[in-house]
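Student: Residue numbers (the working numbering), protein chains in the order written: chain A, 740 to 1098; chain B, 740 to 1098.
Worth double-checking, as some hints may not be accurate.
[Stated by the list, open to error] Dumping the calculated DSSO-like pairs for lysine-lysine here, alpha-carbon to alpha-carbon at most 30 angstroms:
| hint | chain 1 | residue 1 | chain 2 | residue 2 |
| --- | --- | --- | --- | --- |
| 1 | B | LYS1047 | A | LYS969 |
| 2 | A | LYS946 | A | LYS923 |
| 3 | A | LYS940 | B | LYS940 |
Keep in mind the hints are simulated off the structure, nothing from the lab.
2 protein chains.
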Amino acid sequence: MRRYTYCMQASEKERHMEKIILAESLGPFVHEIFVKAGVPEERATVLANCLVEADLNGISSHGVIRVPVYVRRILQGLTETKAVITPIEDFPASALLDGKNVIGQVAGEEAMRIAIQKARTVGIACVGLRGTNHFGTCGHYSEMAAKSNMIGFSFVNTTPLVAVYGGTRKAVGNNPLSIAIPAKEHFPIILDMACSVAQGKIEILKKKGLDIPSGWAVDEEGNPTTDPDKALKGVLLPIAGPKGSGLAIAIDILCGILTGSGVGNEIRHLNDPEPQNLGAFFIAIDIAKFTNVDMFLGRVDHYVDCLKGSAREGEHILMPGEECFINHGERLITGIPFPSAVLDDLNEVAAQLGMTDRI
Amino acid sequence: MRRYTYCMQASEKERHMEKIILAESLGPFVHEIFVKAGVPEERATVLANCLVEADLNGISSHGVIRVPVYVRRILQGLTETKAVITPIEDFPASALLDGKNVIGQVAGEEAMRIAIQKARTVGIACVGLRGTNHFGTCGHYSEMAAKSNMIGFSFVNTTPLVAVYGGTRKAVGNNPLSIAIPAKEHFPIILDMACSVAQGKIEILKKKGLDIPSGWAVDEEGNPTTDPDKALKGVLLPIAGPKGSGLAIAIDILCGILTGSGVGNEIRHLNDPEPQNLGAFFIAIDIAKFTNVDMFLGRVDHYVDCLKGSAREGEHILMPGEECFINHGERLITGIPFPSAVLDDLNEVAAQLGMTDRI
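For reference, chain A alone in the conformation it holds in the complex:
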């Protein structure tokens, strides 16, 4: 069976699988780390769940590998743990929240919860989130809507990594968007995509000694390159030229300018010693306000069957997000493979926080 990765942010499966860890051990361990770092119990649960979920889904770049940098930021006071997220604007179908530089996952879940609640009353709702932080995968939040029989959109902006179409310098984030749609028997459809090629893909081709396709990157001088070394020192290009560029720009404005957060170079990287000042934006659309939900879900199933039926004989087509669900199901039972370096880092953080347990 041929497998297609629909999890855009996923790094390739680690080739050095040193240890298999069960989610049921990993979750409480990571939770305790955050509690020891000063995160309130409930918020530590949200954060640990998000990270472990990403690892279960196979999106290891957004999994517990992030624990050390998150903890460092919390201990240095760069990310808030206890501040109360408050509404700045509040209307029947929209709200603007002050994220108060609190942990991104906590603020993101709160924002999408409000969007879902409002949409249940008025049909559609959106919530903008000002001044937040790296919040893991975009798909986590849109999926919250799908679980409530809604169509969910989530967007977030990031530090500039990508040139805009026609440019050759870093100007716009590799801003992701996610759209989630529930189905009946099939997995929900969860598109989660960034607007340029993931840097990780270039690194993999480099290690294989292969050239990258033209159109992925320019070198430091702004010249097109297929040399992965030059690409890594240079600038990523948006997907499909003006299309990916336009999406990245629109997401930046929606998340950054509309919410009163940073945009472009005003956003700080996770490794910078300052609040990140990201913005995020969430939309929930209540399916029941348009049609019978059961009929909708049935039609989505039928549509997915039709799409899958367009595969060549002997091949399989996966829907957006499907590989994540398959990974999730498998890894819940068999455990999650980690390179030992990732676990060593977790254990080091645990030791620094005075924990005796090790993973």
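We have chain A; now place chain B onto it with these hints.
Tutor: Leaving out everything else, chain B in the frame of chain A:
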């Protein structure tokens, strides 16, 4: 000055510019054609304006070149002209309209107008449009929101032309989406993109005797091809693999299933002798519900300046939609170039309808 085309649906500028026509002559001529064909005055104005606007913008594929097929459909009773568009569902932030198979542009404008009206009260609103027809450029409707100091989204689904990622048969439309954002001194940002490469681009490479880039299409047997001939007989591939594919799928569900319209193969082509049964979806977000509008517009201007500043020396970066605005300004004064075949077809339609005027 290097120019980048951000108008995704634009066919390349016609190379046989036989005649230059002023919009002020073309508009009334096309309007009269539709009135003679039985379209009520006001609706004929909407339709003529949309088509001429597309030609002014340089998107000739969606301009008056469509008049003959529109008229044929109207005369054959395949497209309704007089039916009243009515709400099926109506909530404070959402509505579902029965498009009653009326001219797409008329229904689309009505839907976006309602979305804007509702958003002005509650913050965001969406309107689904059931059972409609080809409605020209997606950007026309999102721009209506931008003109009202809102952020607009528009989506529409179309007949299957494109394979989904991993598939090799036509399964999903080259479904477009548009996002429009107002600016202060700069042109509004209007992204208008489809989810695969335009077939027209393959035709142009064919005429030049050039290969197409790999990843654009597969041949009839589903094998990757760089031969434009084989590509044109084969199937288009989505942009950026799973990303374009996922967007096309999400748009299909939003426009088709959520609104109770056709999806995938249930949609008829403009040339088929049946109602098209398309769906469309519109979202308007009221900027004033989030922030001071003037401040927002100023920040967008500053952001655009920053993006433009990332160009190499001596080069220019255009924002999404900017080339359309430039074309529009120029062509309003100098006129619109048309290949004579397009004008001959218009004149033939006019003659058939008993008009004495010719363009």
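Student: Against each hint, give a clear statement of whether it holds in the structure.
Tutor: Verification of the supplied hints:
| no. | hint | verdict |
| --- | --- | --- |
| 1 | LYS1047/B with LYS969/A | holds, 24 angstroms |
| 2 | LYS946/A with LYS923/A | violated, 42 angstroms |
| 3 | LYS940/A with LYS940/B | holds, 28 angstroms |
Against the hints set out earlier in the document, a violation occurs for number 2 only.
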